Amino acid sequence: MGGERLKIILSLTPPLLIIITLFFGGIFYGFLQSLGYQPAIGKYDINFSAYYNVMFSERYSKLFWTGLGLNLWVSFASTFLAAVFALFGALAIRKTFFAKTVCNFIYSLNLPMPHLVVAVGMIFVFSQSGLLARFASQLGLINSPGDFPVLVRDKYGFGIILAYIWKEAAFFFIILMSVLQSLGENFEELAQSLGANRWQRFRYVILPLVMPNLFSASIIVFAFSFGAYEVPALLGVIYPQMLPVMAFEFFLNPDLNARSEGMALSIIIALIVMILVVFYFWLTQAKIRKD
Amino acid sequence: MSDLKIIKLVKNFVGMDRPAVNNVNLKINSGELVAFLGPSGCGKTTILKMITGLFAPDNGDIVLDNKSLLPIPTEKRGVVMVFQNYLLFPYMNVNENVGFALKMKGIDKNVIEKKVREMLDLVKLPDIGFRRPKQLSGGQQQRVALARALIASPRLLLLDEPLSNLDAHLRDEMRDLIVTIQKELNVTTIFVTHDQEEAVLLADKIALIFDGELQNYTSPKNYYEQPKNIKAAKFFGGVNFIKSKKINNEFISDIGKINYVGENINDLNDEINITVRPENIKLSKTNDFDHNSFKGNIKSIIFSGTHTRYKIIINNLELECSLQSLGIKNINQGDEIFVHLPKDKIWGMND
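Chains A and B supply the protein sequences, listed in that same order.
Numbering-wise (this note's numbering), the first sequence opens with residue 1 and increments by one.
Numbering-wise (this note's numbering), the second sequence opens with residue 1 and increments by one.
Read the hints as simulated data drawn from the structure, not as lab findings.
All of these numbers come straight from a predicted model, not from anything done at the bench.
Where is the CB? At the ideal position from N, CA and C, for every residue including glycine.
Be careful, since some hints might not be right.
[Said to hold, decoys possible] One-sided and incomplete, this derived list gives chain A residues near chain B with beta-carbon spacing under 7 angstroms:
{"#": "1", "residue": "N186"}
{"#": "2", "residue": "F187"}
{"#": "3", "residue": "N197"}
{"#": "4", "residue": "I220"}
All chains, please: the whole structure from these sequences, using the hints.
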């Protein structure tokens, strides 16, 4: 028995070592850097001053807290709105064969599109020099393209939210379509025969049935949008700045001392996402136990 | 009062080469328990869904208490359907499932709780209100589904294959419960089944449907004794069909002249099929009968416990006879035998 176990451990060790070194090694080294350990520039002390600097120093605290606020706003708003659009879209077209085929095709095309391309597309369409602004100006709806509302590179992150909605709604849509198709229409028909009107069928039947899948997908989308860099870098403003952009700028700073702050910020981002994921698993486990 | 009239009902589906439901007419009286019987795909569930309003008919009308149901949306028809696979909401407990219809009506919570308790008592499940559906057996789920439908006080209750997912023991129990509750509440009920035994045991009347068309609509007893056509007779286990010609009020067949006194004698065409159930045929080694007695040979004997089935050849026509095994006379394969078709037990059909 003991020999068998040793054999299994020995055979698993090489691949596990590679995974641990490549994955956790990087995170661990980043964590060490966030604690100020940077042998390359002669820093060997372990402390939390980078975390303190980022969150509470006069220089960075305002930037950090407004950035965190913007991050939470953008991630929550884009995740929620993408889920809502996808849900209503999926409900609207699931019974129409033609619309379903067309939408599936469009969304399937959207899925492999890089976020960077979508962000550039947003600039082309929604910026003050973009297609919509020029079109509105040509139609006489606004005096000049400059009168078009600031939707891209705005301090409220509307452009970023729009880009994420466009991109992530496709992900939600594909998940929801598969859930709705597997559920069929029997539950709704039953509720209807029991007297439920359209709103009640949505509120008391469809929503509870799709919620577990929608919630799981939301966690994935939220975690991604919370930690992603390229869309906020392209569509965001200098202040307030989303945390991943701020972290990257710390990292690019020619002063290598700033790297600890960049790593501290990255670890904070990862921690927030992990807390949310743990909270999600706690919620689902509690529900399973309750069931 | 919940009289239902189905008038010339037609439903087509894209891709089908025949109507799913074709010109179906029938009337169900208040408080009756009616079975829609037929093989899979014959259109019985489609009719049920048109009654609930989940499908719109292409033609015809559905009238409940002298008022057409067609302009009324499903949720306001007062027609409740219990689906084949129960469909208890998995995220609700039993109390919440049963109280669903009342909650949709915005009824007070305390009233709902009281009614839910009454319904669970009615289906003999008083102590499971806080369980989740997956903690229930198939039989319990079926009872909860029934309670959930009945709490809505439906004008018409529709049951789609209510017993098909249950094992034999639970099926008997559930069958009794459905009949008892249906009679107690006097709710007009239609149930769909492909099992003729189930239909016979439960229903006051059976609507037999093949390929979207209503073949016959009558009491279970009549399907055995007076089937409308060969299809209906075969569905209820009929195996003996004798082609006959009506000549001067006499019926001449390949096995000889048949004395017929059926009440439909004047409605019969010149060429008919006469049927007799295997259990109504009598056998004797001697010619003891004063009419419809034909000499044949025993082709095969199959013992099946309480009954024994005999296949008899008379002038190239094969008839099947079923006799109680107990006290059977000494009849062997190849024996010459006299077969008696009692004139009050044979039935003539035009189709």
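### Query
Does the structure break any of the earlier hints, and which numbers would those be?
Number 4 - this is the single hint that the structure violates.
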